[in-house]
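Colleague: Sequence order for the protein chains is A and B. Count the first sequence with our numbering and you get residues 1 to 369, in order. Count the second sequence with our numbering and you get residues 1 to 245, in order.
Misleading hints may appear alongside valid ones.
[Claimed, not checked] Reference listing, derived: stretches of chain B covered by chain A, where coverage requires no fewer than 3 residues with Cβ under 8 Å from a Cβ of chain A:
#1 53-65
#2 108-116
[Unchecked claim] As a list, the in silico BS3-like pairs of lysine-lysine whose alpha-carbon atoms are at most 30 Å apart:
#3 A/K9 to B/K17
#4 B/K78 to B/K145
#5 B/K78 to B/K89
#6 A/K278 to B/K226
#7 A/K329 to A/K9
#8 A/K2 to B/K89
#9 B/K145 to B/K227
#10 A/K9 to B/K112
#11 B/K112 to A/K199
#12 B/K89 to A/K213
#13 B/K78 to B/K112
#14 A/K2 to B/K133
#15 A/K9 to B/K145
#16 B/K227 to B/K240
#17 B/K78 to A/K2
#18 A/K9 to B/K139
#19 B/K112 to A/K278
#20 B/K112 to B/K133
#21 A/K199 to B/K17
#22 A/K213 to B/K17
#23 A/K329 to A/K45
#24 A/K278 to A/K199
#25 B/K112 to B/K139
#26 B/K227 to A/K278
[As the list claims (entries may be wrong)] So these bits of chain B aren't anywhere near chain A, every CB distance computed over 10 Å:
#27 G44
#28 T74
#29 E77
#30 E100
#31 E125
#32 H131
#33 E213
#34 Q228
The set of hints was computed from the structure by calculation and includes no laboratory data. Please read these numbers as outputs of a predicted model, since none were measured by experiment. Don't be surprised by glycine CBs; every beta carbon is placed ideally from N, CA and C.
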Amino acid sequence: MKRFFGFVKKEFQHIFRDVRTLVILFALPVVMIVLFGYVVTNELKDVRIGIWDRSGDQITRDAINKILSSGYFVLAGTLDHEEQIGSLFRSGNAKVVVIFEHGFEKKLMRENRAAVRLVTDASDANSAQLALNYLQGVLAGFFRSLNPDAGLPWEVEIRTRMFYNEEMKGVYMFVPGLMALIMMLISALMTSVTITREKEFGTMELLLASPLKPWEIILGKVTPYVLLSLVNAGSIILLGTLVFNVPVSGSLPLLILECLLYITLALSLGVLISTVAKTQQMAMVFSMLGLLLPTILLSGFIFPVDNMPGILRGLSTIMPARWFIVVVKNVMLKGTGFAFIWKESLILLGMTIFFIMAALRRFNVRLEK
Amino acid sequence: MTGSGEDIIAVRDLVKKFGSFVANDRLTFRVHRGEIFGFLGANGAGKTTAIKILCGLSYPTSGEIRVAGHDVYTGREKIKRRIGYMSQKFSLYEDLTVSENIRLYAGIYGLKRNYIQERETQLLESLGLRHIKNEYIRKIPLGWKQKLAFSVAIFHRPAIVFLDEPTGGVDPITRRQFWEMIHEAARDGITVFVTTHYMDEAEYCDRVSIMVEGRIEALDTPVLLKKQYHSANMNEVFIKLARKR
Numbered sequence: 001m002k003r004f005f006g007f008v009k010k011e012f013q014h015i016f017r018d019v020r021t022l023v024i025l026f027a028l029p030v031v032m033i034v035l036f037g038y039v040v041t042n043e044l045k046d047v048r049i050g051i052w053d054r055s056g057d058q059i060t061r062d063a064i065n066k067i068l069s070s071g072y073f074v075l076a077g078t079l080d081h082e083e084q085i086g087s088l089f090r091s092g093n094a095k096v097v098v099i100f101e102h103g104f105e106k107k108l109m110r111e112n113r114a115a116v117r118l119v120t121d122a123s124d125a126n127s128a129q130l131a132l133n134y135l136q137g138v139l140a141g142f143f144r145s146l147n148p149d150a151g152l153p154w155e156v157e158i159r160t161r162m163f164y165n166e167e168m169k170g171v172y173m174f175v176p177g178l179m180a181l182i183m184m185l186i187s188a189l190m191t192s193v194t195i196t197r198e199k200e201f202g203t204m205e206l207l208l209a210s211p212l213k214p215w216e217i218i219l220g221k222v223t224p225y226v227l228l229s230l231v232n233a234g235s236i237i238l239l240g241t242l243v244f245n246v247p248v249s250g251s252l253p254l255l256i257l258e259c260l261l262y263i264t265l266a267l268s269l270g271v272l273i274s275t276v277a278k279t280q281q282m283a284m285v286f287s288m289l290g291l292l293l294p295t296i297l298l299s300g301f302i303f304p305v306d307n308m309p310g311i312l313r314g315l316s317t318i319m320p321a322r323w324f325i326v327v328v329k330n331v332m333l334k335g336t337g338f339a340f341i342w343k344e345s346l347i348l349l350g351m352t353i354f355f356i357m358a359a360l361r362r363f364n365v366r367l368e369k
Numbered sequence: 001m002t003g004s005g006e007d008i009i010a011v012r013d014l015v016k017k018f019g020s021f022v023a024n025d026r027l028t029f030r031v032h033r034g035e036i037f038g039f040l041g042a043n044g045a046g047k048t049t050a051i052k053i054l055c056g057l058s059y060p061t062s063g064e065i066r067v068a069g070h071d072v073y074t075g076r077e078k079i080k081r082r083i084g085y086m087s088q089k090f091s092l093y094e095d096l097t098v099s100e101n102i103r104l105y106a107g108i109y110g111l112k113r114n115y116i117q118e119r120e121t122q123l124l125e126s127l128g129l130r131h132i133k134n135e136y137i138r139k140i141p142l143g144w145k146q147k148l149a150f151s152v153a154i155f156h157r158p159a160i161v162f163l164d165e166p167t168g169g170v171d172p173i174t175r176r177q178f179w180e181m182i183h184e185a186a187r188d189g190i191t192v193f194v195t196t197h198y199m200d201e202a203e204y205c206d207r208v209s210i211m212v213e214g215r216i217e218a219l220d221t222p223v224l225l226k227k228q229y230h231s232a233n234m235n236e237v238f239i240k241l242a243r244k245r
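From just these sequences and the hints, can you work out the full model?
Modeller: This is the structure:
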C-alpha cells in the first residue's frame, strides 16, 4: 500500500509541475463554462427588424415601442406592403418582420384576440428561431401588462409563456453537456497521454520490470485523475449554480455517484487508447477524433438527438456522453431519483465493464509481444 | 567452472517468435552468480527481445527459463523483486528531481524510509552528485543521468541487474567510468547481465555470448574466444562469426 501511495504521489507531481496540464485541468473548465454561458447560449442583441403596422392604433404603437426598447431589437425600417418583406430579407437589412393586422386594437377589445404575424428569414434557422422566441417573449410581457386581470384568457400569453423559458433552457442544456465533455477530456485524454508518455520515455518498462503489478501501475496513474475530475465536476456544478442559476434539484450524492461512474468509464477508455497509441501525439489524436468530437456532435449536447438522421441517431447510442447527459439532466434539472435513470446508469455501467475488459486484454496482449 | 547450483540464470531452448519471424532461436545458456555476462550482437540480433523475456516484460514462445531461482512462467512476481533493470534510454522521470527519482524507485521496491534516506546520502556522496540532489533530471547531463539510472537500478541490491545497451550515446571516457561502476557492483555480489553492440566492451566481461540473427553463435571468456578464432580482439571474433553465417 505504501508503494502504491508513493506512486500516486509521483503522478500528482507530474500534474502539478506541468503548466499545460494545469491549464487544461483547471482553467479550461472555467473558460468553457463562461464561454458557453455568455457567448454560445442564446444571448440576443440588436437584431434588425422591420415593422408593418397595418392598424396604427395606440396599442400597436405601444407594442412597437416595447419591442424596440427591449434592447434585443433595432428598427431596420417600416413597411407598407407585402413585397417589401422579400426585398428587406434579400438585402439582408432585417431578419424579422413584425406585422400587426388591420384593426388590431378593435379586435382585441371586441373578440379578446388579435393576430401579430412574425415573419423571419430562416436561411439562418437558429438565429431566426432565437429572434422569434425573444419577440414572442417581449410581446407576451407587453400584453400581460395591458391586461393584469388574470380572469381574461389571452391566447398570446399562454403561448409566449412557454417560449419565454427558451432562453433559460439553453443555459440549463449546456451545463450537463459541458460536464460530459470536460470529464471525458480530462479523464480519457489526460490518462491516455500520461500513460503513453511513460512508454515514450521508457519508464513504463522499468515499472513493468518492478514488483508493481500492471493493474497497480494503471490504478496509480488514473487515481489522481479521478480525484481531479471529481473536483472539476464539482466546480462546474458550482459555477452553474452561482453564475447561471442552474439548480441541483435532485440528490447531490446520486449526482456525484453518477459522475464517478462516468469518470471510470472515460478513464478506461483512456487506458484503452494508451494500449493502442505508441506516442503522446497519437494518443492525443485518438482522443480528440475518437472521443471529443463524437461527444460534442453526437451526444445531444449541441445538436438534439431527435433531429439526427437514422444512422447518426444509431451511432449516438454508443456515445457514453449521450446517456450521461440524460442522467445529469434528470438529476440536476428535473430532480428525479434513481428509479428514472436506472436504465441509463445500467448502460453506462455495461460500457464501463466492457472498456475495462478490453483495456486489460489489450494490455496483456502487448505484454506477450 | 562453477556448478549448476550457482547458476543464477538458466535458459534452455528459449524460442521467441513474432508471427513467422524468429527473434530468438533456441537460446541455451547459463549465467553464474556474481559474474559479468556480456550479451553481444549486432542491432536486431535479438538481444533486447531476450533480455525482456528474462525480466518478465515479455512472454517467451517456448523454452525453459529460470531467473534467480524462479521460473519465468510461474514466478514472475518473485523474479521481479530480485532483479534490477536499466533500459537503453536511461529512463528516469524528467520532471522529478534526482532525489525524488531515487526515492520513488526505492519506494516501489518496498524499502524502508530511514534506510532509503541513509543509502541516498551515501550514493550521492560516492557519485559526487550531492550538489544536484534537488535538480530536475531534464537539467542534468547525459553521463550523470546514465550513472544515476544504473545506481537506481541496483539501489534495492538485486541479485542480478539487467543492463540493456547501457552505454549508448555517451563518450568513451564516460563509458569507461561506467564500466568501473559495473565492476564495483559485481564486486558487491550483484550478477551483471549486459547487452551491448560495442565489441571492445566485451573485454570487460567475465564471459560473453555472441548472437547472430537470433542464435547464440559463441559463448566463452573473451580470452578463449580470441584464441579459438585466432583474433587479436573481440571485434575480429565478431566479424569472423558474422561472416561464417
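Colleague: Each hint should be assessed against the structure and marked as holding or not.
Modeller: For each hint, the structure was consulted:
no., hint, in the structure
1, 53-65, "holds (count 5)"
2, 108-116, "holds (count 3)"
3, A/K9 to B/K17, "39 Å, violated"
4, B/K78 to B/K145, "28 Å, holds"
5, B/K78 to B/K89, "25 Å, holds"
6, A/K278 to B/K226, "42 Å, violated"
7, A/K329 to A/K9, "35 Å, violated"
8, A/K2 to B/K89, "28 Å, holds"
9, B/K145 to B/K227, "37 Å, violated"
10, A/K9 to B/K112, "17 Å, holds"
11, B/K112 to A/K199, "28 Å, holds"
12, B/K89 to A/K213, "22 Å, holds"
13, B/K78 to B/K112, "19 Å, holds"
14, A/K2 to B/K133, "23 Å, holds"
15, A/K9 to B/K145, "22 Å, holds"
16, B/K227 to B/K240, "13 Å, holds"
17, B/K78 to A/K2, "19 Å, holds"
18, A/K9 to B/K139, "22 Å, holds"
19, B/K112 to A/K278, "35 Å, violated"
20, B/K112 to B/K133, "20 Å, holds"
21, A/K199 to B/K17, "22 Å, holds"
22, A/K213 to B/K17, "25 Å, holds"
23, A/K329 to A/K45, "28 Å, holds"
24, A/K278 to A/K199, "7 Å, holds"
25, B/K112 to B/K139, "28 Å, holds"
26, B/K227 to A/K278, "45 Å, violated"
27, G44, "16 Å, holds"
28, T74, "15 Å, holds"
29, E77, "7 Å, violated"
30, E100, "7 Å, violated"
31, E125, "23 Å, holds"
32, H131, "21 Å, holds"
33, E213, "20 Å, holds"
34, Q228, "35 Å, holds"
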